[in-house]
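Student: Chain residues, written in single-letter form:
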Amino acid sequence: MASVGTQPRSEGNGTGLGLLKGLGVTLKTMLRPAVTQQYPHVKPKLPPRTRGVIALKQENCTVCYKCARECPDWCIYIDAHKETHEPASGGRARSVKVLDRFAIDYALCMYCGICVEVCPFDALFWSPEFEYAVHDIQELTHEKEKLEEWTYTVLPPPELEEGAEPTGGEEG
Amino acid sequence: MTGHGASFLDTLTPDPWLALVLKAAVVLGFFLVAPLGVGYAEHKVLAHMQARLGPMEAGRFHGWAQLIADGVKFVQKEDVVPRAADRWVFSLAPAVVLVPYIATVVVIPFGHTLFAEDLDLGIFFVMAMSSVSVIGVLMAGWASANKFSLIGALRAAAQLIAYELPLVLAAAAVVMEAGTLSLIGITEAQEGHWFVLTQPVGFFIFLVASLAELTRPPFDMPIADSEIIFGAYTEYTGLKFAFFLLAEYGGIVVLSAIASVLYLGGFRPLPGLGAIPEPLWMAAKVGALAFFIIWLRATYPRLREDQLQRFSWLALIPLALLQIVVVGVVKVAV
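Chains D and R, in that order, are what the protein sequence lines are.
When we follow our numbering, the leftmost residue of the first sequence carries the number 1, and every step to the right adds one.
When we follow our numbering, the leftmost residue of the second sequence carries the number 1001, and every step to the right adds one.
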């Protein structure tokens, strides 16, 4: 049993100076502005690359299914069909894939961002939007129209750091 | 009643009974409103000292109505009495804690005529009353049939007894210097200088002992939430619990008021600033002391139970006794 009064004493103990210092710290903190963000009234200032939700630019999607296959929890649903177009100039008919459904179930999504990484044609983006809470878990499956809307909230990437190597448009 | 002049409430009506009712109403009204101010200040000051904002929603403007909302919530809560509890004692305890503090408000002067009653034994009355509330805490702890409540109550009893002594001794030194027990008399005796100038040690002792009497941090072992849940108040819900909280904040008001009467000249203005009315001076001093009490809560961690007892018996009480001796010697010699 450790007896009272024999504990190692820290520096400056017994002078009472530490007590005053403590009062100073709390007073200084009080006079500084609070760090609290008044969220529903004031929107938070998020960094441009915030990973809020995954947005889809349908134009860029080629229905390659890479995202759906790489997704660790299988939360991406893709339906498509094939259409054949007769070229006006004649010749062999060309087939194209048409996206019918692209949905992400955000009840399953774990925001790993692998789909965004793996998309070869820049169809998937991270959007800073985060206010899509709903009352029913079923409604968390968002269809391509909603995903498209979110692309408009994607902010331009921040400036490159000084001396950083530009990646360029294509893969180097 | 002493020769210091009548209360303003006596001059309003010739009927002494009506005056009595008026006094009771004013005292009760003050006791119900002032603690709300202190409670709100605690919310806000504590929050800002932790770089937060505190209540911001209730009542739209900076959450001014937060405590009123809390009060409404407490009223709605179910009034639970544990099955094993001693029903009567359990229900009576909040009143026993609360009423003494209300009673002390009676003698607190906010101006030359701005008080409910000027008792000859003013400070004695205050000290006697403020030590009654410990019985209420003991009742609450014992009647709850809960081990944490009982531990809390016994801690409270030990603490209040240990700190009652330095509190009374410090006040006694002031009484010796002022030559009167009446709070009005003590205030008027500080015409030349405030007693904090002649008895700074006494002021320190009184403040520390007040903190312990109020079981405020850093002396909040009786309700230490990380050890014994909420001490003697653990089993209380609803209005009864609200009464304990009201007693705590009312206690801050009362003891700040007593400290400012004893050491800071009560309602007496600073020299040269007599244009500001007396009640404002009193309110400012009470407010400053209440702020200090809140400041300490934001700054210091809780002491250990043995440190608490050691501090009172080995530091405060000898100091207070020394203070009395010094005041006595000076009083006789000068």
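Watch out, some of these pointers could steer you wrong.
Stated by the list, open to error - Looking from chain R toward chain D, a few residues come up when the C-beta cut is under 8 Å (computed): (1) Gln1050; (2) Met1056; (3) Ser1091; (4) Ala1095.
FYI, nobody ran anything at the bench for these hints, they're computed from the structure.
Quick reminder that beta carbons are idealized off the backbone N, C-alpha and C, glycines included.
Student: Now look at each hint and say whether the structure bears it out.
Tutor: Evaluation of the provided hints:
no., hint, in the structure
1, Gln1050, "holds, 7 Å"
2, Met1056, "holds, 7 Å"
3, Ser1091, "violated, 39 Å"
4, Ala1095, "violated, 35 Å"
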